[in-house]
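Q: Below are the chains, spelled out letter by letter.
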Amino acid sequence: MTLMTKFLGTGAALALTAGAALADPALIYDLGGKFDKSFNEAAFMGAEEYAAETGGSYKDIELQSEAQREQALRRFAEAGFNPVVTTGFSMSSPISSVAADYPDTKFVTIDGYVDPSEHPNVLSILFSEHEGSYLTGVLAALASDTGTVGFIGGMDIPLIRKFACGYAQGVLATNPDATVISNMTGTTPAAWNDPVKGTELASAQISQGADVIFAAAGGTGIGVLQAAADADILSVGVDSNQNHLHPGKVLTSMLKRVDVAVRESMAQGADLETGVMMLGLAENGVGYALDDNNADLITAEMKSAVDAAREQIIAGEVTVHDYSSDDSCPALSF
Amino acid sequence: MDLLTLLQVLDSTVRLATPLLLACLAGLFSERSGVFDIGLEGKMLAAAFASAAVAALTGSVWIGLLAGIGAAVFMSLIHGLASITFRGNQLISGVAINFLASGLTVLIAQDLFGQGGRTPSLIGAGRFEPITLPFAEALSGVPVLGPIYADLISGHSILVYVAFAMVPLSWWVLFRTRFGLRLRAVGDSPEAVDTAGVSVAGLRYGAVLICGLLCGLAGAYLATGLQAGFVREMTAGRGYIALAALIFAKWRPVHALWACLLFGLLQAVALRYQNIHLGGITIPVQVMDALPYILTVIILAGFVGKAIPPRAGGEPYVKER
Numbered sequence: 001m002t003l004m005t006k007f008l009g010t011g012a013a014l015a016l017t018a019g020a021a022l023a024d025p026a027l028i029y030d031l032g033g034k035f036d037k038s039f040n041e042a043a044f045m046g047a048e049e050y051a052a053e054t055g056g057s058y059k060d061i062e063l064q065s066e067a068q069r070e071q072a073l074r075r076f077a078e079a080g081f082n083p084v085v086t087t088g089f090s091m092s093s094p095i096s097s098v099a100a101d102y103p104d105t106k107f108v109t110i111d112g113y114v115d116p117s118e119h120p121n122v123l124s125i126l127f128s129e130h131e132g133s134y135l136t137g138v139l140a141a142l143a144s145d146t147g148t149v150g151f152i153g154g155m156d157i158p159l160i161r162k163f164a165c166g167y168a169q170g171v172l173a174t175n176p177d178a179t180v181i182s183n184m185t186g187t188t189p190a191a192w193n194d195p196v197k198g199t200e201l202a203s204a205q206i207s208q209g210a211d212v213i214f215a216a217a218g219g220t221g222i223g224v225l226q227a228a229a230d231a232d233i234l235s236v237g238v239d240s241n242q243n244h245l246h247p248g249k250v251l252t253s254m255l256k257r258v259d260v261a262v263r264e265s266m267a268q269g270a271d272l273e274t275g276v277m278m279l280g281l282a283e284n285g286v287g288y289a290l291d292d293n294n295a296d297l298i299t300a301e302m303k304s305a306v307d308a309a310r311e312q313i314i315a316g317e318v319t320v321h322d323y324s325s326d327d328s329c330p331a332l333s334f
Numbered sequence: 001m002d003l004l005t006l007l008q009v010l011d012s013t014v015r016l017a018t019p020l021l022l023a024c025l026a027g028l029f030s031e032r033s034g035v036f037d038i039g040l041e042g043k044m045l046a047a048a049f050a051s052a053a054v055a056a057l058t059g060s061v062w063i064g065l066l067a068g069i070g071a072a073v074f075m076s077l078i079h080g081l082a083s084i085t086f087r088g089n090q091l092i093s094g095v096a097i098n099f100l101a102s103g104l105t106v107l108i109a110q111d112l113f114g115q116g117g118r119t120p121s122l123i124g125a126g127r128f129e130p131i132t133l134p135f136a137e138a139l140s141g142v143p144v145l146g147p148i149y150a151d152l153i154s155g156h157s158i159l160v161y162v163a164f165a166m167v168p169l170s171w172w173v174l175f176r177t178r179f180g181l182r183l184r185a186v187g188d189s190p191e192a193v194d195t196a197g198v199s200v201a202g203l204r205y206g207a208v209l210i211c212g213l214l215c216g217l218a219g220a221y222l223a224t225g226l227q228a229g230f231v232r233e234m235t236a237g238r239g240y241i242a243l244a245a246l247i248f249a250k251w252r253p254v255h256a257l258w259a260c261l262l263f264g265l266l267q268a269v270a271l272r273y274q275n276i277h278l279g280g281i282t283i284p285v286q287v288m289d290a291l292p293y294i295l296t297v298i299i300l301a302g303f304v305g306k307a308i309p310p311r312a313g314g315e316p317y318v319k320e321r
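Note that the protein sequences, when read in sequence, are chains A and B.
Just so it is clear: in the first sequence, position 233 is 233 by the working numbering, and no numbers are missing.
Just so it is clear: in the second sequence, position 298 is 298 by the working numbering, and no numbers are missing.
Just chain B, with the same shape it has in the complex:
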């Protein structure tokens, strides 16, 4: 494999990993606070639709982005209301979010545009264009490092850089701020947080809102960054892969980055090479598609380290009387 091909595969990896990473960090905040969220898929889908629809109607991708975030935050609030305020089952609420998003997006899209649950193709300012970083042209002549900078690091849409910046930011928020400490505490032992006089519900709502914000970015990136419009069910299971990545990363931000990049790489390789020939053995493409899930099962089974979820995860908090 020559350098150019390698760069193209890695470039594809970055594009494919970005929505995973944003959704994975979204799940990280939510689950660290003790609210399990299998509704990542639905929130991304809602955001993808809202961003594409509003960008198509207004012609501005930035207003579209805001609408996408708004839609995902709204879905998050439904999840929060059901699972925090009314102490419902978090998994069921998450599944409901997925179904709601899957149906609503197509219904509204059909009503607005009449194109079979699809938005019109976005043109010009309606989508995020790749941005060229400074000196990319000038440095592309430098051997090895030049093409890496010009092709791999430069030339993505702004949301990719935002996503990667979110990793250190999430780490800092979770592990270096008072809010982060309380957020982690509320996921492990909400009684302690409650005893200290801090609102458990308030913290969990905060986490769920951040989750909505990040899912909104992920969905908007899919529909207006990678694609030029919304197509029904266009998230195609990325929310679930993000959940797998979250478990794989053992609920830690920097590990989440590596997990998402690994899963992105597996997808990119699967897309680039249909069947991989290693010596006399041929690895079919399906193995690559299944690897993220296989790896997650291995991690969950405790063969490689141990994935311990936040202790109070999945349980609604009931104050003792």
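The shape of chain A in the complex, shown without the other chains:
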């Protein structure tokens, strides 16, 4: 028995020292899963880039349930990983409750917000999704023949309304007579993984005249893109570049450079500057995707129009209203 205890003790001590000596970064994916072809996969790509560039290594974990959030944070912090990078807005409240216990560990919440005055060791990285969505709205309005475009969101949360609001503003700025139909899939997390509902929503919007549909809905969006491709109309992907899912049928994708955010915060290591960082068009944190799959869909005029809009937003000549700033949208009612 004593021998056993000794072994266990040595093992634990070894594990602890090994962890503390490394100070590698760690990455926690949100419930969508590492290979969601979207948000979390972009984070994974960023971490892989970091590993390839610096030759360093990192640890990552896929959460299986809500209960694991805090547990995973504490495990990584106690093992000496620094910084601990997390994706998804749901991680911000577990970080708030954990951060004070590990003052030497830097936490990064991508898409979440933690008050920097209360927790000085947390970096909140936010994206100006409304600006990126504005650009896809400009493209959608130019690509639409019917003057009606659609938006399909996943779970009805302020973040998704921010997408919808920016998109609607882009559409209406380009074509003031256009109609924007907006639908949310549901109010529970199941709304992120219901492609059947996505398809039905898309066909309902198509029958109301929509010929470009922007899906910001995780796995549900797969159904939307499929329905759009089947009905021979255009769709717009989200987060990662989804143009390749249906080549020639996906107009563009609203890119959120989660990979850049992850790579940069990992590269800075333990010296990471904390606070709040906003990644917008100017920082190339958001944008629209242009590749071989949609090159034929984006005409030269569309490209110049959308690039002009981009310049105007960066220069501050055009301000895109942020839904989350006052919970209202001038271009769309929910």
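Be a bit skeptical, because a hint or two may be false.
[What the hints assert, rightly or not] Below, a list of computed lysine to any residue pairs in the SDA-like style, where the Cα atoms sit at most 20 angstroms apart:
id	chain 1	residue 1	chain 2	residue 2
1	A	K59	A	A79
2	A	K249	B	I123
3	A	K249	B	S121
4	A	K34	B	P120
5	A	K34	B	E233
6	A	K34	B	L112
7	A	K34	B	S102
If you are wondering where the hints come from, they were derived from the structure by calculation, not from laboratory data.
Could you slot chain B onto chain A? The hints should help.
A: Okay, now just chain B, sitting in the frame of chain A:
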């Protein structure tokens, strides 16, 4: 609301009601024989995955359908083994089936395709295409009836017609055949059936297998009829809505049809109109989503008729010594 919009909503209703109907009938057979089944969700999910994966690998949706049915029947057999042979708790076994399917599908999909628990998009012969019924084109000019036939009745995938044909077939099997009589008897008083010299376990296994077959059709329809591939957790609670519909229908096939159509209609309306304005009142979309469950609770509470489950339901049969 004009006729075209009405037809589109009803068309959507039919599509949304079909998986519910198949799963509801599956539960009907199982529960009528005295085996409660909350594993409908898991069986559908397993079938959805197996059908999409095999259709993607072989390029044939029919082989995919067989694989889907096979997967659901296999899950059913696990449920049967646990709850009939080993007399385990049927609810716990059902929950286990749900967890098993939820985890296994993603795991195998990731291993096979490496796309994050998703199958590749099915193309061409890998999915069920909508079929146009004869004369749909010719009759579409006829006022009212023409569009109803051409848009609403025609233009669904074959599994939709199979599902609707299952309703009279289930009724006939349950209420007009010897097997059906015994099946209902085994759910109400297995002792009587046993006394008559008929195998209780045999009948219950039969019912559970039919349940697997129907769940297989439902799952395959989701993944290869409505969608072009499998996405994790894509059943999104339809198995539970089907259970609610089963209670709402008071365990009867024709009522099950109406219950599923009603629940499908509620979903279709919720998807088509985000908020419904009736006079001065605005009904938020969430009310529509919650209505199936609210209605089920009302029925269960006995306000509208009384839902009496099969008497021996949920109890494993132990022979008296």
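Q: Each hint needs a verdict: does it hold in this structure or not?
A: Checked hints:
{"no.": "1", "hint": "K59/A with A79/A", "verdict": "holds, 11 angstroms"}
{"no.": "2", "hint": "K249/A with I123/B", "verdict": "holds, 15 angstroms"}
{"no.": "3", "hint": "K249/A with S121/B", "verdict": "holds, 14 angstroms"}
{"no.": "4", "hint": "K34/A with P120/B", "verdict": "holds, 17 angstroms"}
{"no.": "5", "hint": "K34/A with E233/B", "verdict": "holds, 15 angstroms"}
{"no.": "6", "hint": "K34/A with L112/B", "verdict": "holds, 16 angstroms"}
{"no.": "7", "hint": "K34/A with S102/B", "verdict": "holds, 16 angstroms"}
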